[in-house]
Amino acid sequence: MKKRLVEIAHARSGDKGDTANIGLIAKHPKYYPLLVKQVTAARVARHFKGMIKGPVERFELPNLQALNFLLHGALDGGGTISLKTDAQGKVFSTALLRMEIEVQR
Amino acid sequence: MTAAPATVRVAGGQGFWGDWLEAPYRQVSGGPIDYLMMDYLAEVTMSILQKQKSRDPSRGYATDFISQMERILPALVERGIKVTANAGGVNPRGCALALAEVARKQGLAGKLKIGIVTGDDLLGRLDGLMARGHQLANLDTGRPLRDVREHVLSANAYLGAAPVVEALQRGAQVVITGRVTDTGLTLGPLMHAFGWPADAWDRIAAGTVAGHIIECGAQASGGNCLHDWKRIPDLANVGYPIVAARADGTFDIVKHPGTGGRIDVPGVTEQLVYEMGDPREYITPDGVADFTTIRLAQAGKDRVQVSGVRGKPATDKLKVSIAYFYGYKAVGTLVYAWPDALEKARAADRILRQRLQDLKLEFDAMLTEFVGANATHGPLALKALDAGGGDLPEVQLRIGVRSPDKARVDRFTREIAPLILNGPPSVTGFAGGRPKPEEIVAYWPALIDKALVQPAVEVMDV
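Chain order of the listed sequences is A and B.
Note that our numbering has the first sequence beginning at 25, numbered continuously upward.
Note that our numbering has the second sequence beginning at 148, numbered continuously upward.
Source of the hints: derived by calculation from the structure; they are not laboratory data.
A hint or two may mislead.
[Stated by the list, open to error] With a straight-line Cα cutoff of 30 Å, these simulated DSSO-like cross-link-like pairs (lysine-lysine) come out:
{"id": "1", "chain 1": "B", "residue 1": "Lys377", "chain 2": "A", "residue 2": "Lys26"}
{"id": "2", "chain 1": "B", "residue 1": "Lys200", "chain 2": "B", "residue 2": "Lys448"}
{"id": "3", "chain 1": "B", "residue 1": "Lys553", "chain 2": "B", "residue 2": "Lys200"}
{"id": "4", "chain 1": "B", "residue 1": "Lys553", "chain 2": "A", "residue 2": "Lys114"}
{"id": "5", "chain 1": "A", "residue 1": "Lys54", "chain 2": "B", "residue 2": "Lys258"}
{"id": "6", "chain 1": "A", "residue 1": "Lys77", "chain 2": "B", "residue 2": "Lys466"}
{"id": "7", "chain 1": "A", "residue 1": "Lys77", "chain 2": "B", "residue 2": "Lys530"}
{"id": "8", "chain 1": "A", "residue 1": "Lys54", "chain 2": "A", "residue 2": "Lys26"}
{"id": "9", "chain 1": "A", "residue 1": "Lys114", "chain 2": "B", "residue 2": "Lys583"}
{"id": "10", "chain 1": "A", "residue 1": "Lys26", "chain 2": "B", "residue 2": "Lys198"}
{"id": "11", "chain 1": "A", "residue 1": "Lys51", "chain 2": "B", "residue 2": "Lys530"}
{"id": "12", "chain 1": "B", "residue 1": "Lys198", "chain 2": "A", "residue 2": "Lys54"}
{"id": "13", "chain 1": "A", "residue 1": "Lys77", "chain 2": "B", "residue 2": "Lys200"}
{"id": "14", "chain 1": "B", "residue 1": "Lys198", "chain 2": "A", "residue 2": "Lys114"}
{"id": "15", "chain 1": "B", "residue 1": "Lys583", "chain 2": "A", "residue 2": "Lys51"}
{"id": "16", "chain 1": "B", "residue 1": "Lys448", "chain 2": "B", "residue 2": "Lys198"}
{"id": "17", "chain 1": "A", "residue 1": "Lys51", "chain 2": "A", "residue 2": "Lys114"}
{"id": "18", "chain 1": "A", "residue 1": "Lys26", "chain 2": "B", "residue 2": "Lys507"}
{"id": "19", "chain 1": "B", "residue 1": "Lys448", "chain 2": "A", "residue 2": "Lys51"}
{"id": "20", "chain 1": "B", "residue 1": "Lys507", "chain 2": "A", "residue 2": "Lys114"}
{"id": "21", "chain 1": "B", "residue 1": "Lys530", "chain 2": "A", "residue 2": "Lys27"}
{"id": "22", "chain 1": "B", "residue 1": "Lys530", "chain 2": "A", "residue 2": "Lys61"}
{"id": "23", "chain 1": "B", "residue 1": "Lys377", "chain 2": "A", "residue 2": "Lys27"}
{"id": "24", "chain 1": "A", "residue 1": "Lys54", "chain 2": "B", "residue 2": "Lys448"}
{"id": "25", "chain 1": "A", "residue 1": "Lys73", "chain 2": "A", "residue 2": "Lys61"}
{"id": "26", "chain 1": "B", "residue 1": "Lys198", "chain 2": "A", "residue 2": "Lys73"}
{"id": "27", "chain 1": "B", "residue 1": "Lys448", "chain 2": "A", "residue 2": "Lys77"}
{"id": "28", "chain 1": "B", "residue 1": "Lys377", "chain 2": "A", "residue 2": "Lys54"}
{"id": "29", "chain 1": "B", "residue 1": "Lys198", "chain 2": "A", "residue 2": "Lys77"}
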């Protein structure tokens, strides 16, 4: 069945210049392999279509049951240049948690 | 030289300039600590400080630090608690002089040594460096600094823990630095207290991770924590995080008893991934930490044990933070009420854009957000909103423009208020008045050879 990420993961995001980072953390170790398999860089790029201008990179932290995503060109220039409410990418985290993935019962 | 202690406690007292004024006092008074670490410098803070210093040569540091220290200084001296802070900004000596004056007024003359770390300020050296072929190319765009040289307001190399260690070794009880990395302010005390050599890469990495965890203050102890956030107790009384470190490089994250907030594995994990790049290569001037080696364990209530951290040798570069004048921006807002709140806000946006076009006012960038609908989650939120019927009780229209031309930005700000009387209905929320064009000071990250930057340490008797 489909579940939204918010049910099985939590997240925190921040900025580095015009790049937003999202750390996505499994709420339980059993969910981490699902994240690795389904929340790919390509899928995240599609999820944020229209919100980011550059590519998405993904890094794995199996020790923390976490994935780290870098969303390039996400912040309208970033920091002080940006006109966005979320100029520092603080809530890209929960935007990612809207994504649905397939979870076996 | 006395034997190294079993445990050294470094308390995070300030996560940025503007953080909770009460936090340093609470860290000092709430229980035993050995060091108080305070981080004041964000990327563009240095340019603000540089501007203050150009108007008054005695300024250019984080003034909050002085008033915060005034409150805790007697306790620090009495209990032998040491302080590391990058509050010095672009004038660490001025900051130290101001602190010394406060200390003397409190009768602490002869009882306090202040360490001053400088050498990070490259503003006066930029032209010489560029003349010798150092491009200081922008790490994100690759552009050479000469493209914006005339607009540069500040330029500082990120120094590491080494000068902090030297100041402590020379007896400084308060170490005031300029642009020292946030993590260096925690790693420095640990290297000093345990006698860690500068090439003990795993322990250097561990101290760096410790610094990363507490450098954002309460973000490691329940603040801004999404995991199970409703059950985080008593944030009004939140305890800021403390690193309780051991000589082998393992450490616990704790907080003072009786304080609010929560320290658990999910919360510390959230802070570990905050502002993370490639987790295998967390680069600081002191070494390279591999965040994929970190092991976390709940070691008791509000106690997370951190172990296993591996590190690699430092690179031969330092990061340079350059701030330069970029242009102007302004953001205006209006609030539209039910019914059809979002439609009204959209109509107002269309009308405003039409008028700007008729005035032949063009901008480098113009951004419209509908706060309450799409400002934080963009099209993802609109999709969800449409699916739910979409009838919002209210929406804030938020429009911003950016341009090198101040007059153009100023003209834009005069087009917002008229919409109250000559645009769509049910509009309010203009009590703040016309928005003001704001100077944009932008950030230019670059690298420089480490050998070109010599940190300097001075120890001053009060």
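Hint check against the structure, violated hint numbers in rising order
Hints 2, 5, 10, 12, 13, 15, 16, 18, 20, 26, 27, 29 not satisfied by this model.
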